[in-house]
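Chemist: One-letter residues, chain by chain:
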Amino acid sequence: MKKSLAEINGVMGVRGSFICDNRGAVIAGDAPPGLDAEMLDAIGREVVQMMVALQSAGEPTGELDLQYERGGLVVRDLDTAILIVLCQVQTDLALLRMTINVAVARLKQDKAAQRQLTARAVERG
Amino acid sequence: MKVLTGNLAQLSLVDILKLLSSGRQTGRLDLTAGPNSGEIYLQDGIIVHAVSGVQVGEDVIYTLMGWMEGDFNFVAGAAPSEQSVTIPTEQLLLEGVRRAEEWGDIKSMIPSTGVIFRLSPSGSAGAVSLQPEEWQVLAQVNGARDVAEIADELGQDEFTVARWLYGLTTAGLLEVMEKPTSPPRATINGGFFGRLDSEFTEVMGPLAPLIVDEEIEALGETRESFPREKVAALVERVSAEIGDEQKRLRFQQIMLEMLKGL
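First to last, the protein sequences are chains A and B. Per my numbering, the first sequence starts with residue 1, numbered consecutively. Per my numbering, the second sequence starts with residue 1001, numbered consecutively.
Think of the hints as simulated: they come from the structure by calculation, not from any bench. A portion of the hints provided could be inaccurate.
As the list claims (entries may be wrong) - Counterexamples of contact, computed for chain B against chain A with all Cβ distances above 10 Å:
#, residue
1, S1012
2, S1022
3, Q1025
4, T1032
5, E1095
6, E1102
7, A1127
8, Q1131
9, E1134
10, L1154
11, T1170
12, I1188
13, E1199
14, L1210
15, I1211
Stated by the list, open to error - Selected chain B positions facing chain A (Cβ under 10 Å, derived; list incomplete):
#, residue
16, K1230
17, V1231
18, A1232
19, A1233
20, V1235
21, R1237
22, S1239
23, Q1246
24, L1249
25, Q1252
26, L1256
27, L1259
Unchecked claim - In the EDC-like style, the derived pairs of lysine to aspartate or glutamate whose C-alpha atoms are separated by at most 16 Å in a straight line are:
#, chain 1, residue 1, chain 2, residue 2
28, B, K1260, A, D92
29, B, K1230, B, E1215
30, B, K1230, A, D92
31, B, K1230, B, D1213
32, A, K3, A, D30
33, A, K2, A, D30
34, B, K1260, A, E7
35, B, K1247, B, E1202
36, B, K1230, B, E1214
37, A, K108, B, E1245
38, B, K1107, B, E1175
39, A, K108, A, E7
Model, not experiment: these values are computed from the prediction. Note that beta-carbon positions come from the ideal geometry of N, C-alpha and C, so glycine has one too.
My request is simple: use the sequences and hints to build the entire structure.
Modeler: Written as structure tokens, this is what we have:
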């Protein structure tokens, strides 16, 4: 799991990435400079609430790109968990999305990582 | 001890020499412009020696008068190792003034040594006869070299080269290139597209290059000058055409490795 996150973090402009459970609690990943673990949990919870709202509205939530004035979030629904990538505004999003695709595919084949995620699986919300 | 220091863009060499000469100064005037340097020695206001690289004498002063940019500083009291200038200082300065007047006209066309010329597509209206040195300058104009680079290539001072360029432009043989408004974009070479076409053809078949062309056009670009900053966007757009998820992932993985090497 760490290897996949490190691969994502290697894209220029990425500030950090983490995986949280379906309630927003961090499972893996380190807080990027300027953010602490509590803030990551808070981001995770916000993202989960947004995904629940979107799902309720019948919108797809597999891939979300959220762009703000001072940065962006790229979110991937891993079913049993959620991958959240924090990046700067000028990040090459196409490069980041493809890197995430490859990293997530590797993660899905990583049995140890899947066991870890399954063990933390909870109902979303 | 430095008593006078500055830039040739603000104070011309002629003006500096006039100042030092009228003040009956003794010492060495150091001039530097990039990798080039020169020294002019004065004794009681009279220019007695000049050296630049292996060149010595009055020709050095004319060369230095041709510098359009550079720094100078005067070290008072420095004594020359020899006397290489025999022409009276007044005569040297008069030639400098003549050049400065000529320079006034040239400067309206060539405000700095960074100006780039290209061959005029319309050419001259009539028959043109060129001096050998004009032909040498013309041969150096390629739409990329600036005045300083041409002077460097020919081993001539910038003023002389600027004067020739001015004459050739006035005759209709050359024209000043417009300055680019923004720095040139970093583009990728054809090798990238060769690999992209090849890998994409493996997945999509012989129509793959056409799909790539469509996506390049959709991004408002061409293969010949495709910007580096849009490469990932192109690869993502192209890969979206691959229906099979596993093949798409494999393609993106290969291309990501390639992007790392760009």
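Chemist: Next, verify each hint and record whether it holds.
Modeler: So, going through the hints one by one against the coordinates:
1. S1012: The claim stands: S1012(B) keeps its Cβ more than 10 Å from every Cβ of chain A (closest is about 45 Å).
2. S1022: holds (57 Å)
3. Q1025: holds (55 Å)
4. T1032: Label holds. Min Cβ-Cβ 39 Å, cutoff 10 Å.
5. E1095: holds (55 Å)
6. E1102: holds (49 Å)
7. A1127: holds (56 Å)
8. Q1131: holds (53 Å)
9. E1134: The claim holds: E1134(B) sits with its nearest Cβ about 49 Å from chain A, beyond 10 Å.
10. L1154: holds (43 Å)
11. T1170: holds (47 Å)
12. I1188: Holds, because the least Cβ-Cβ distance between I1188(B) and chain A comes to about 14 Å, which exceeds 10 Å.
13. E1199: Check passes; 14 Å lies beyond 10 Å.
14. L1210: At about 21 Å from chain A, L1210(B) clears the 10 Å cut-off, so the statement holds.
15. I1211: holds (17 Å)
16. K1230: holds (8 Å)
17. V1231: holds (8 Å)
18. A1232: holds (4 Å)
19. A1233: Given a least distance of 4 Å, the restraint on A1233(B) holds.
20. V1235: Hint holds; V1235(B) Cβ to chain A Cβ min 7 Å, cut 10 Å.
21. R1237: holds (8 Å)
22. S1239: holds (7 Å)
23. Q1246: Hint on Q1246(B): holds, closest Cβ of chain A at ~9 Å, below 10 Å.
24. L1249: Hint on L1249(B): holds, closest Cβ of chain A at ~5 Å, below 10 Å.
25. Q1252: holds (5 Å)
26. L1256: holds (6 Å)
27. L1259: holds (7 Å)
28. K1260(B) <-> D92(A): holds (13 Å)
29. K1230(B) <-> E1215(B): Distance of about 11 Å is within 16 Å: holds.
30. K1230(B) <-> D92(A): holds (9 Å)
31. K1230(B) <-> D1213(B): Holds: K1230(B) and D1213(B) sit about 14 Å apart, inside 16 Å.
32. K3(A) <-> D30(A): holds (13 Å)
33. K2(A) <-> D30(A): holds (10 Å)
34. K1260(B) <-> E7(A): holds (12 Å)
35. K1247(B) <-> E1202(B): holds (10 Å)
36. K1230(B) <-> E1214(B): holds (15 Å)
37. K108(A) <-> E1245(B): holds (14 Å)
38. K1107(B) <-> E1175(B): holds (15 Å)
39. K108(A) <-> E7(A): Distance of about 15 Å is within 16 Å: holds.
Against the hints set out earlier in the document, no violation occurs for any number.
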